[in-house]
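One letter stands for each residue in the lines below.
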Amino acid sequence: MTQILIAGYYGFGNLGDEAILASILSSLRDETEDAVEFLVVSGNPLGTQAQHGVHAISWERADQILDGCRDSDLLVLGGGGLFHDYLPEHLTDVASFRGASQASFAGIPVLGRLLQKKTMLYGLGLGPLRETSAAELAMAAVQLADVVSVRDGRSLEHARRACREAGLPEGKVRLSADPAFGLRRAHRDDARAELTAAGIGSRRPILGICLRQWQHDVAEGWEQEVAAGVDAFLAETQGQAVFIPFQHGIDSRPDDDLSLAKRVRSRMGNAEPSRILDRNAQPALAAALIAECDLILGMRLHSVIFALGATVPCVGLSYDPKVSSLLERAGLADCILPHSEWRRDLIQNKLNALLSGSLPRPQMEFANEMRSLARQDAAAAAELLKGTPRPSSAADRALEAVALRYFDKVEDGLESIAEHARRLLRERNQRERELRELRETLGVRLLSAYWSFMHLLFPEGGRGRFEYRRGSQFLRHLVLGEANLRGPGLQSHTDRRFLLADSLLDGVSSDAQMELVRFEARVRGARSSRIVAVFSTNQLIESEGQRPSHFALELARRGIPVVFLYWRWDRSAFTTQERLDDLILQIPMDLVTGRPNELFQAFSGMERTVLFEFPHPAFFALMAVANGAGWTTVYDVVDDWHAFSKQGFVNWYQESAERHLAWAADSVWAVNRHMADKIEAYGRGGVEILPNGCPDGIQRIDTARELRRGDITLGYFGYLANWFDWRLLASAARSRPLWRFYVVGYGMNISSETLPDNVAFLGKQPQSSLASLAANWDVGIVPFREGPIALGADPIKTYEYLAMGLPVVMTGSYPPPGSEGFVRRARGEAEFVRFVEEAAREGAEWRARRTGFAANATWARRADELLSILDRGSARMIEKRALFSDAA
Amino acid sequence: MKCLFVYRFLTRGGVESVLRARVEGLPRFGVEARAWFLADGEGRDLFRGVEDRIQVGGIHDLQRFAEHWQPEVLATVDTAEVIRPLMEIAGSRVIVIECHTPYRENRLYLHGSNGHKPVIYFVPSEYQKREISSTVHTKGRVAVIPNPLREIFLKDVRMEGQGPPPIVAWVGRLDHLKNWAGFFNVASKVGQVLPDVEYWLVGSAPGPGIAARIYREANARGVLGRLRWFNGLAQEHLPNFLDRVRESGGVLVSTSRNESFGMTVAEAMARQCAVVVPRSGPFPEFVEHGVTGLLYASGRLREAAQKIVKLITNGDMRESIGRAARTRVLASHSPDVALRVLADTLHEIAFNGHP
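Protein chains in written order, with numbering that gives the first Met the number 0: chain A, 0 to 887; chain B, 0 to 354.
Okay, chain B solo, but in the shape it has when bound (with noise of 0.2 Å):
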């Protein structure tokens, strides 16, 4: 069977590393898959290897390669102003929406989508599909497909790097959602206990002017002198770099105000690396308190800085959890799992019309 995901930029972020892996692994269940971009960023990279499986062109040219290519599925990623387009040319095929983002002014187009017809709703978590749920009203139509993870954070883990000073890292979008000042926050409290420690904000910034709100809060913090920002850091790398936090001995933080799924916790857990993150959102379902990271009351900031201590000067507790992480996280969100429920779920809307 053949499916089409469209999605609105071709740049580096989440959503197209699950494409990428999607049109690299569902082949081999059985799913022939394209993806589609409205608009060229700087991602083209992303999908070296498999360029001849992705397009980048406007609507009326994926209308027209939609009615050529004939997929049995045609899947939108949060992009509204296809959805319509798509429905003109369906015909007899299923239209899936997917909903990644945790931004509530990016699903009001959910609204909008109530009076098409009828659709699928593909979400990353059983959060994502409470909070959603309630907006689309056709509970039972929304099916939960885990993210799968790039094969870069599934290479073997060596433990062979640099040692202290601890780093305390946070990886995400500069934005209020994601609650980067939390981190300083965090960071400032930590640096109390333990003046050591290195912080690594790992993050692209969003649009001008965030680069000098984040000097003034890390300043504000007291935390300017110990902290190393890499910005637009492009994801091949981001391994290497939890690989270096785990051997520093430090953990990875989110202080993150909603996730759809938390895919850079994800990405985390699968290099080793010992996780702080919100008792919020989708995180309970993937990091177990005391086993696979260690959670904390969405907004207490202190109850953070003190996991994140607790884990740094126990090296015994932070290694087991680390291990357990990977475990647990390459089980539901290694590609092989992720894409066999994407592509058994495909496989049955194709069959029935609805999974």
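One chain only, chain A, in its complex shape (with noise of 0.2 Å):
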């Protein structure tokens, strides 16, 4: 299938670049009538592929770009400012990618070029290109491409330089429009409705205001100056505000636009009137907000494309040229204020000229003549695509020929550098191991009492104090050598050493420290405004997959980052960081329990959520931290620990540590309603019901298995325990000697001897061949023994089952509420026969309602579930967020 790259300025949480690729996706896809495939080049590849529905991949990943570009038949870049002065970056710096810069921008022509692909430049903003460096990678970009559009006249003009420079014909740049006039506006109920939830009523006028962090070439005061010119308008007009922050980040981040908002608005002298909207809105809405708008005051160049697209009146506040281009271009100089009239007076009066119609309107036709330039670009996109190849001497294969060798060579690094790391990682197990037996010697233990005995003998302070000091000075001076008695060499030489003991003595929890670090400086530079911490019993399998790791990686998907803590029963197992692409660290829990500052302390300014997934008494310490540094603490009741505990199991449960577990958590969630009354009873309200569910595509059939079959074929599939009833399957077994049983499952040593004929074990299987094998099932069963383990569980077995379409019947478990219908719950063996039997006779109907069922019950759901929880916010959560408000 023909596969297009795009790459830019996406995944960073910028609404303009969203709406940019938005809008080149929607436009090319109407243009190649869906035949074609794309392939993003994100800063967050998850939140784009899960925000446009395309594949994506990381700028910092020089491997899957190269892929990227060979398998594409088109490269895109742009559209968007890529290339300015702000951030210069050097030439020689060209396809590095190690991540989103202007050097990484230029490679992707440079790889066109080698890989002798076709690549056209689209919609792209160049300038202000004073500096060398940044006008040498746009030069390059353009003179490398074979079609160039580029969004306004200045950038035009350095288009065609870098064309004559080059001895290239300027023909194939054109004047075009931001790609972000074609998007489409969300409905305007829906604008309408953010606008009410936001406090905005119906008073007229409504002034949007959206602008953006700036330092470069402005007064100090700029933002007090808009803050009183708003105020003085509103105050004059009776009207109400609206922020719309267009780049949300972390607060006090230079890019975030929200913080900018909020500082501003608490500038005004009667901030009543206005409202900040800081859910991060989504393009299409964005516009529409402006859309709703009398008059905007904008800031950002997408809030005044916005506004010319719907034809609402607006002040562009200039900070960039490009701004100001705009404005002029669409006929609207007047309604421009450059940075040196960024007074309240004029910001003002030039609203109140808005509003009057003294300044000129946005026209429809300005509107309509952007728009179908931008449909241009796409028009001329699908051309290039469509055109011949580019004819290829013997010099470029030779070229290709050289690139390709050196990325291979650079893969084979990289590939020797994970294989080092590993090697590392084993290593640092065996020093963990020798460490600890270390810190037991008697050595150490004998240095620490002997430490004790000089406090006592020397008091701090005390003149004794004085003269031991001065004594071991004067020792150490005669046997070290060491010079300046009292000067700094010597005080930092002693610093260094017991820095020295600390870290050793501290080994591995530092290296989760550094892991900690460095994972935040990855999640800050996403643009992350929310992270998840999840301690977990198991690692994180997406085969195995249990809660914890489906919540995780379906949250990863959307672009939250996770911190991952998993339970060990060996402390020399580590996980490999394979997943930090998909912004999930794991580490062990065990490297973090006895140092929880280090987590907990991290990721300020962030929305910060900690999920416990079981009561181990060792979360008390923990729970305390969270709370304490303002986290979201939520316990996820997802199994009777307490049942477990009394059946021999979980030998560390404390029911004392549950009933804190529960009642210290900002939120706490259960599987069933079972679980959420056992731990209301410990005098908790308020439990949320968040069931489990199923893996997508779980129903999937790679590779048809066929098994032989009876009168009715029943299947179980799972972990077999001592919860697993095998005496009902077995008597229900010989009850029907003409229906066949599989089990598929794990845990148990199971003889086939001892099992009746017609029961077949097939032992673990992969989790991909379990829709091939229910295949040949009529009934999926869980056959659990009563008792409070099976009431406490929600078994995942039974959304599987309905998602491959079988009915169900269980012993022991409720159904998942709402499956009432098609999901039997049996009382003894006589309903259970009885029951499989009225399964298997079930129509071919029910199977859609199951199907239908399931697909409501898919862990990306829960997902949306569990965020729509934490968004809510409990009563709790309420009161946690005032208690860590900035209101102090």
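One should not assume that every hint holds.
Quick list of in silico lysine-lysine cross-link-like pairs, DSSO-like style, CA-CA up to 27 Å [as the list claims (entries may be wrong)]:
{"hint": "1", "chain 1": "B", "residue 1": "Lys-188", "chain 2": "B", "residue 2": "Lys-309"}
{"hint": "2", "chain 1": "A", "residue 1": "Lys-261", "chain 2": "B", "residue 2": "Lys-154"}
{"hint": "3", "chain 1": "A", "residue 1": "Lys-879", "chain 2": "A", "residue 2": "Lys-261"}
{"hint": "4", "chain 1": "A", "residue 1": "Lys-171", "chain 2": "A", "residue 2": "Lys-385"}
{"hint": "5", "chain 1": "B", "residue 1": "Lys-1", "chain 2": "B", "residue 2": "Lys-128"}
{"hint": "6", "chain 1": "A", "residue 1": "Lys-879", "chain 2": "B", "residue 2": "Lys-154"}
Across the chosen pairs, the derived CB separations fall in these ranges [what the hints assert, rightly or not]:
{"hint": "7", "chain 1": "B", "residue 1": "Trp-68", "chain 2": "A", "residue 2": "Met-513", "range": "36 to 42 Å"}
{"hint": "8", "chain 1": "B", "residue 1": "Trp-68", "chain 2": "A", "residue 2": "His-338", "range": "39 to 45 Å"}
{"hint": "9", "chain 1": "A", "residue 1": "Ile-700", "chain 2": "B", "residue 2": "Asp-195", "range": "52 to 58 Å"}
{"hint": "10", "chain 1": "B", "residue 1": "Asp-195", "chain 2": "A", "residue 2": "Ala-218", "range": "52 to 58 Å"}
{"hint": "11", "chain 1": "B", "residue 1": "Pro-163", "chain 2": "A", "residue 2": "Gly-872", "range": "17 to 23 Å"}
{"hint": "12", "chain 1": "B", "residue 1": "Thr-312", "chain 2": "A", "residue 2": "Gly-872", "range": "27 to 33 Å"}
{"hint": "13", "chain 1": "A", "residue 1": "Lys-645", "chain 2": "B", "residue 2": "Gly-221", "range": "19 to 25 Å"}
{"hint": "14", "chain 1": "B", "residue 1": "Asn-105", "chain 2": "A", "residue 2": "His-338", "range": "53 to 59 Å"}
{"hint": "15", "chain 1": "A", "residue 1": "Ala-759", "chain 2": "B", "residue 2": "Pro-194", "range": "55 to 61 Å"}
{"hint": "16", "chain 1": "B", "residue 1": "Asp-174", "chain 2": "A", "residue 2": "Gly-872", "range": "32 to 38 Å"}
{"hint": "17", "chain 1": "A", "residue 1": "Asp-589", "chain 2": "B", "residue 2": "Asp-174", "range": "22 to 28 Å"}
{"hint": "18", "chain 1": "A", "residue 1": "Arg-848", "chain 2": "B", "residue 2": "Thr-312", "range": "55 to 61 Å"}
Hint data in this document are derived by calculation from the structure and do not stem from the laboratory. Note that CB positions come from ideal geometry on N, CA and C, so glycine has one too.
Reconstruct the complex from the two isolated chains, following the hints.
This is the structure in structure tokens:
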């Protein structure tokens, strides 16, 4: 299939850039009639995939970018202002791909040339380009591309000059429009609902405000001036204002619009008639919100673009020539406020003039012209795709060969580094064991006792202590030859030695700390505003997916970073960090339990949530630190741990610890009503029900597999333990010799000889083959013994059977809420057999109902519910937010 | 005039809070103030906005800085190791030794200071003055300097909270002297009368192992299932916490065995929170029984529990005590008042050589 690679400043939470991508994709899909696949190079591949429904790769993965370019038929760079002086880089760094940078952007047409791929610069903005370094990268990109479209006159000049300097025809460059002009707005009802939810009433006029952080060439107090200007305008017109942030990041980061909006609003004399939309709006919704306003005070270029597209009058706060250039092109030069004029009176006057109609309004003709130009870019891309391949000379082929050899070497190098990292990990495990042994040695204990004794003998501050210090320094001088008895040299040397000892004693924890530090930097680089930590009983293994693993994976797919803390039985066991690109860090939880501050003091300024997936007493201390640091704490009740402990499992369990966890958490979730009731009996009200789910695509059959069938064929897959009711299964099998039973699972040694002839035990099977086995069954069964363990469980297999279209008969556990119509709960063998017969007779129409139910119970849906619970907030969560608010 | 304060650690403790208020507020009273810390901890953010007035470095660097900056007064806050080095460079300048620590073992250094050049001692309460006077044998040379509250505790009190369940809070360092275990003892007794009360423990663990002891003690007292522990809470959030306690109809209790001043109690009072404190140490100096708080005989935790129940079940009394407490504590410990006392004392010392 044909593939187009699109590279730009995507996946960084900038609404304007996301609008550009959405619009490019939509236009290209129209032009190519959906016959093309898209691969986007992004700062947050998972987020981009989720938001735009495309495949995405990271700007930090040179190998993936190379493969992506090699496998694509057209490379598109843009749109938006990718080349400028603000963050200059050097031509020598081109194609290094260490993140989304100008050198990386220019690397795309470079790869295009080396790999003989057609390349288009799409709706680009170039400039300001006064610095040679940035200009060179932009020139190279223009010169290497086959087609260049630029969004404004200034960019056109730059691009034409690049062509002239290389002796290339200027005809490949065309003046177009910002691709975001082609964006389809969300429905106005959605925008109105959003405004109402934010507290904006029907009173007019409504002023939309879209500001960005900016320090270059502007007066220091400009934020105050804007606040005062808006203040005066609202006081005079009795209107309302809504701040619409376009760049969501971490509060106080230089590019975060939300914190700027909060700051400006706080400086208004009367902030009451204004509101801030603090939700991360999608581009289509932001465009619709702007269309609902009566006038716009826009600093963000794309707020002006959306206003022009919806013919909403606007004043452009021109921090960069691109804003004034656009308004001039629209014939609205009078609506520009250059930064030298950002004064309260001028802002108020401009807004008043705009409202009274004494300034020109945007015209629909202009918007239509821009949309038409944007569409022509898509047509040009489609044309380029259809056209004859680039003629390839021997020289081109030689270049390509060299490039591929070079990249192969890079890939080999990466693999070698990965192997080296794995070897170091093994060595680290070994050192950790040795360190533990060292700590237990007599020497370390004696040293500790010696220091305690010295403190007792010479208390701090006394003359004795002073003389002791002098004496020991003198001796050190004699023995070690250290020169300066009182100077900083000796002191820092001593400090260094203690630091070294400290780092040795903290060896392994320091590693966890370093991993956290690096991960935090990565998360902040990805502009994530939310982080979730999960304390799980299991490692993160997708194919054996337990609830915490699925939550982690689904959250990461939504671009929410996850610190996954897993229980390990063997302290030398480490998981390699193969999911860092997905923004998942995996750490053994024992490395954190001793030093919880390292985790809970990190990620400040973000919305931080921690899920405790089991009630270990060690979480008492973790919960305290998490609560003290302002994390939203959640106890997720997935099983009846008390019942497990009574059966001799989970010997760590203490009911008092679970009671505490349930009380101290800001929110408590349970997989079913039974467990919710149990926790509420502890005195903790408001437990949310969040059932289990099933993975997307669990029903897909890779390779068909035939099994011998009976009059009715039943099957079970999953963990086998003493709550599995073998007696019921065997008895039912004996009473129905013409039925065929299949048991797929692990956890117990089963001898086939002890089972009736019509029961087949297939052992553990890969998850990918479950659907092919279940395709031979008429009924899925969950034969659990009656008792608290089964009552507390919400078996995941129930959802999986339903996704595979099977009716389900279960004992011991309750059906998931809403599934009672096609999941039967039997009591005793007779009812079990009768229900199986009934279920097997169900018509084909039931199958659709079952799969329909399962489709609404996927882990993806559960993750949506999870986020919805967090966003909605329990009383405790609201209290927590207030406790940690900035009001103080 | 100039004054240099020296403290051992730059962390987020009570002394650092006091020093922050001083370096920020003293210039208003004609005193240029700097704070010097021997070791960097995690307290730098406490000095946001006045970072240029603090420094971290070793003793040798401190000496060089003091010689260069030429402060009229050199003050150490419970930092024994700098007393002698400062005296070496003091010349005619005055050395002030501030003693804030309630821990007797940490005051042993005062014995060591006797043999040095004459110094002046600052303490935060009359009680602490009595405590150290017997140690330093320098009666008449010990001045009581009130601790200033941070501005964040002074903001207006607004009554708009979430209501019950009532919260009984305990704030402080989790060690033997502050007697966190006594809090659980009190809580268990309150719980027998008022089972719906929630207990907040706000404090940092000074070392490993304390969490397990807290767990055991709370469990043994039957309060684990109603307990929320906020470990490591940054001080800037404390006013919100105290507001929530007040709005819940709850109180703050101290079970401390000894204090030099009782800053957390004063902070709670500043947030109009009713307090129940021992009738010992410095508390009677600013908590008047039945007017600005309730006192109980030190160590009589059953009595403390009864007082807590009384305040929780008598809203009028609780609110009137809360209001009076705020008025009382602001009158003596708002930054302007407390810093004026300090500034006046420093001016006198610089001028006369003694207060």
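Within 17 to 23 Å: is that where the Cβ-Cβ distance between Pro-163/B and Gly-872/A falls? Distance hint for Pro-163/B, Gly-872/A holds at roughly 19 Å.
Taking 32 to 38 Å as the hint, is the beta-carbon distance of Asp-174/B and Gly-872/A inside that range? Given a distance of about 35 Å, which is inside 32 to 38 Å, the answer is holds.
State, for the Cβ atoms of Lys-645/A and Gly-221/B, whether the hinted interval 19 to 25 Å holds or is violated. holds (22 Å)
Look at the Cβ atoms of Trp-68/B and His-338/A and judge whether their distance stays inside 39 to 45 Å. holds (41 Å)
Would you mind confirming whether the straight-line C-alpha gap from Lys-171/A to Lys-385/A stays at or under 27 Å? holds (17 Å)
Under the criterion that the straight-line Cα-Cα distance not exceed 27 Å, is the pair Lys-261/A, Lys-154/B satisfied? holds (20 Å)
Next pair to validate is Lys-879/A with Lys-261/A; report whether the Cα-Cα distance is within 27 Å. Since the Cα atoms of Lys-879/A and Lys-261/A sit roughly 20 Å apart, the hinted pair holds (cutoff 27 Å).
Does Lys-309/B lie within 27 Å of Lys-188/B when you go C-alpha to C-alpha? holds (13 Å)
Is it true that Asn-105/B and His-338/A lie within 53 to 59 Å of each other by Cβ? With a Cβ separation near 57 Å, Asn-105/B and His-338/A satisfy 53 to 59 Å, so the hint holds.
Given the hint of 52 to 58 Å, check if Ile-700/A and Asp-195/B actually sit that far apart at their C-beta atoms. holds (56 Å)
Outcome of range test on Cβ distance (Asp-589/A, Asp-174/B; 22 to 28 Å): For Asp-589/A and Asp-174/B the Cβ distance comes to about 27 Å; the hint holds.
May I ask you to test the hint 27 to 33 Å on the CB atoms belonging to Thr-312/B and Gly-872/A? holds (31 Å)
When each numbered hint is compared with the structure, no violation occurs for any of them.
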